[in-house]
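As they're listed, the protein sequences go chains A and B. Under our numbering, the residue at position 75 of the first sequence is numbered 75, and the numbers go up by one with no gaps. Under our numbering, the residue at position 55 of the second sequence is numbered 1055, and the numbers go up by one with no gaps.
Everything labelled a hint here was simulated from the structure, so no lab data went into it. The structure presented is a predicted model; accordingly, all values stated were derived computationally and were not measured. It is possible that part of the hints are untrue.
What the hints assert, rightly or not - What follows is a list of derived Cβ distance ranges for each label pair:
hint, chain 1, residue 1, chain 2, residue 2, range
1, A, Thr120, B, Pro1240, 53 to 59 Å
2, B, Ile1303, A, Glu128, 44 to 50 Å
3, A, Gly37, B, Phe1293, 27 to 33 Å
4, B, Phe1293, A, Glu15, 52 to 58 Å
5, B, Leu1364, A, Pro84, 50 to 56 Å
6, B, Ile1041, A, Ala111, 38 to 44 Å
Stated by the list, open to error - List time: in silico BS3-like cross-link candidates among lysine-lysine, alpha-carbon distance up to 27 Å:
hint, chain 1, residue 1, chain 2, residue 2
7, A, Lys85, B, Lys1064
8, B, Lys1090, B, Lys1064
9, A, Lys87, B, Lys1090
We treat Cβ as the ideally placed atom computed from N, Cα and C, and that holds for glycine.
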Amino acid sequence: MLDIRGVTKSYGIREVLTDVSFTVGDGRMTGFVGANGAGKTTTMRIILGVLSPDTGTVFIDGVPVTASDRRRFGYMPEERGLYPKMKVAEQLVYLARLHGLTPASARRNTADLLERLGLTERAGDTVESLSLGNQQRAQIAAALVHDPEFLVLDEPFSGLDPLAVEVVMSVLAGYAAQGAPVLFSSHQLDIVERLCDDLVIIADGEIRANGSREALREQHSSPRFEIRTQGDTGWVRSQPGITVIDFDGDFAVFEAETDAASQAVLQHAITLGAVHSFSQQRPTLATIFKEVIA
Amino acid sequence: MSNATRPVHTAPTFAQSVWLVSNREITARLRSKSFLIATGILLLISVASVVVGSLLSQNTTLTKVAVVGTAISVVEQTEAFDIVESDTVKEAEALVRDGSVDAAVVPSGSADSLLGITVIALDSAPIDVLGTLSVSPDLKILEPASQNGFLAYLVAIGFGIIFLMSATTFGATIAQSVVEEKQTRIVEILMSTISVRALLAGKVLGNSLMAFGQIVAIGLLVSVGLAVTGQRVLLADVGPAIIWFAVFFAFGFVLLASLYAATASMVSRQEDVGSATSPVLFLVMIPYFLVVFFNDNPLVLAIMSYVPFSAPVGMPVRIFLGDAEWWEPVLSLVVLALSTIVVILIGSRIYSNALLRMGARVSLREALHK
Chain A
1 MLDIRGVTKS
11 YGIREVLTDV
21 SFTVGDGRMT
31 GFVGANGAGK
41 TTTMRIILGV
51 LSPDTGTVFI
61 DGVPVTASDR
71 RRFGYMPEER
81 GLYPKMKVAE
91 QLVYLARLHG
101 LTPASARRNT
111 ADLLERLGLT
121 ERAGDTVESL
131 SLGNQQRAQI
141 AAALVHDPEF
151 LVLDEPFSGL
161 DPLAVEVVMS
171 VLAGYAAQGA
181 PVLFSSHQLD
191 IVERLCDDLV
201 IIADGEIRAN
211 GSREALREQH
221 SSPRFEIRTQ
231 GDTGWVRSQP
241 GITVIDFDGD
251 FAVFEAETDA
261 ASQAVLQHAI
271 TLGAVHSFSQ
281 QRPTLATIFK
291 EVIA
Chain B
1001 MSNATRPVHT
1011 APTFAQSVWL
1021 VSNREITARL
1031 RSKSFLIATG
1041 ILLLISVASV
1051 VVGSLLSQNT
1061 TLTKVAVVGT
1071 AISVVEQTEA
1081 FDIVESDTVK
1091 EAEALVRDGS
1101 VDAAVVPSGS
1111 ADSLLGITVI
1121 ALDSAPIDVL
1131 GTLSVSPDLK
1141 ILEPASQNGF
1151 LAYLVAIGFG
1161 IIFLMSATTF
1171 GATIAQSVVE
1181 EKQTRIVEIL
1191 MSTISVRALL
1201 AGKVLGNSLM
1211 AFGQIVAIGL
1221 LVSVGLAVTG
1231 QRVLLADVGP
1241 AIIWFAVFFA
1251 FGFVLLASLY
1261 AATASMVSRQ
1271 EDVGSATSPV
1281 LFLVMIPYFL
1291 VVFFNDNPLV
1301 LAIMSYVPFS
1311 APVGMPVRIF
1321 LGDAEWWEPV
1331 LSLVVLALST
1341 IVVILIGSRI
1351 YSNALLRMGA
1361 RVSLREALHK
């Protein structure tokens, strides 16, 4: 488990992080969301030890991270870059060896990853000769080649074509499924929504919301329901404690004053005929995000 | 992830990290065509200078003179001329006129001539002939120079050029490689993996090894060249200076390399490398120009041989000239080594502070503080 506690960082008089605390649980895909300049990259750099915090500590399973622990991290910086004139496979082997792998396991991991990311044919090409999408895949390979125990990825999906997004999503989900804590930031809220188990929202250097995706949705959900039935739903209007927001034949959206009132609607609908769907409207991540940072 | 399923890999030590980084630098250099071509040219120039030098020294053919009658005894004594005997003065003059001899030596017509000979030349006094046949007063030199002046000049310039070329080539290479990592942002991955000091040390070590290898290759080629072309005497004279030069160069280059890396880390684009590293370039050029202009000035050379930036050129030249006491190179080397350590410390501070600052050039004050 990765635990960030009380991290503060200033550049000169400008405080960019204020008492940032959150955890990334084992096997949890944790989305890190915030506007540009909110402090995501600074936080990630501090986790990786590229920057040092003014106060606060990063813990692994309750123990402060040391410089040698940092080799157990897989890191993908927001600013992408590999040696342009170095061959893809050589570069990955080099990075794996810097992380402490033996030459043999470095080569094996490189071959495996290139295979998984569909880059095997490009192994002997220099990075500068790759297409942009393939450069991105190589970048992801660079973050994963040393079998990291923790993943910290700054905007791993930016610049990827939809196909590559799927590949990367499945690779990351695979890591989380094996029990690795995965922290990733993204501007693409729809991807975060699909992928993350937990969510951390940061604004102006402060953590504004933090918890599991479902709990956050619960917190921010409105008392709004949708119902779709076989027959006409006009009768919903006359139910006690109900305000209909939208109505279209067999479909209605309404707000209920109490849970009991909404359940009464469902029960009545069943007596009238088949009910195709009945659900509470869940706020999208974008909605939660807007609410939280407002 | 559970520990059972993952390969155990231990964190490499500082030394291992440095070695990995320096290996990458060396491989990258060896694969670069421009580097290989430049090295080839430098080696060729070194060999060529030895060969040309040897050809020039063998080509000193004797001056041809025509000699008439009794003058032959005087001329033969000198053993400095290729003699063409002529029967008459007229015949000798004819040889001078058609250019087949440089001068003619004939018995003097007047009785009070000191040497009893007359030298006949075409349009100007033949200095070498006159010099050889003249009578000189006795000469006593109080402090004989151990080396001939022209040779000393050549050796000094040689050390100067090699130092200048190697330092600037490899200095520029280091600077470019620092900015390449910064510009491509791979530096952030590297910094999250190994310490900044290990990164800097690896770069400096890798490039220093290459530069040193080049110097050793040049030294060996020149030595072998001198031996093969039969200039063994010269080799014995220059040899110790070459060895000291290599030793001084090793330290001096590490110092310059650290400066190149530190100054380059302050900019983010290849276009800015030149202006950022120009102060270091001056430090490299100064010893070169000092040695060109002051190689016959013992005071300037003595000062040069202790100032860390110029010691790699200054001290070997003094050793070659025989001006340096045995302890002087040792003392100067200690001064150089200490300043190298100080520069590495300051350099790594600048380097680690400036490395993550993208965009505008980082000022020296910002890089040193914080």
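Structure-based check of each hint:
1. Thr120/A to Pro1240/B: 53 to 59 Å: Holds - the Cβ-Cβ distance for Thr120/A and Pro1240/B, about 57 Å, lies within 53 to 59 Å.
2. Ile1303/B to Glu128/A: 44 to 50 Å: 48 Å, holds
3. Gly37/A to Phe1293/B: 27 to 33 Å: The hint (27 to 33 Å, Cβ to Cβ) is violated, given that Gly37/A and Phe1293/B are roughly 56 Å apart.
4. Phe1293/B to Glu15/A: 52 to 58 Å: For Phe1293/B and Glu15/A the Cβ distance comes to about 57 Å; the hint holds.
5. Leu1364/B to Pro84/A: 50 to 56 Å: 29 Å, violated
6. Ile1041/B to Ala111/A: 38 to 44 Å: Cβ of Ile1041/B to Cβ of Ala111/A: about 40 Å, so the range 38 to 44 Å holds.
7. Lys85/A to Lys1064/B: 64 Å, violated
8. Lys1090/B to Lys1064/B: Status holds; Cα separation ~17 Å.
9. Lys87/A to Lys1090/B: The given pair, whose Cα atoms are some 82 Å apart, is violated under the 27 Å limit.
When each numbered hint is compared with the structure, violations occur for hints 3, 5, 7, 9.
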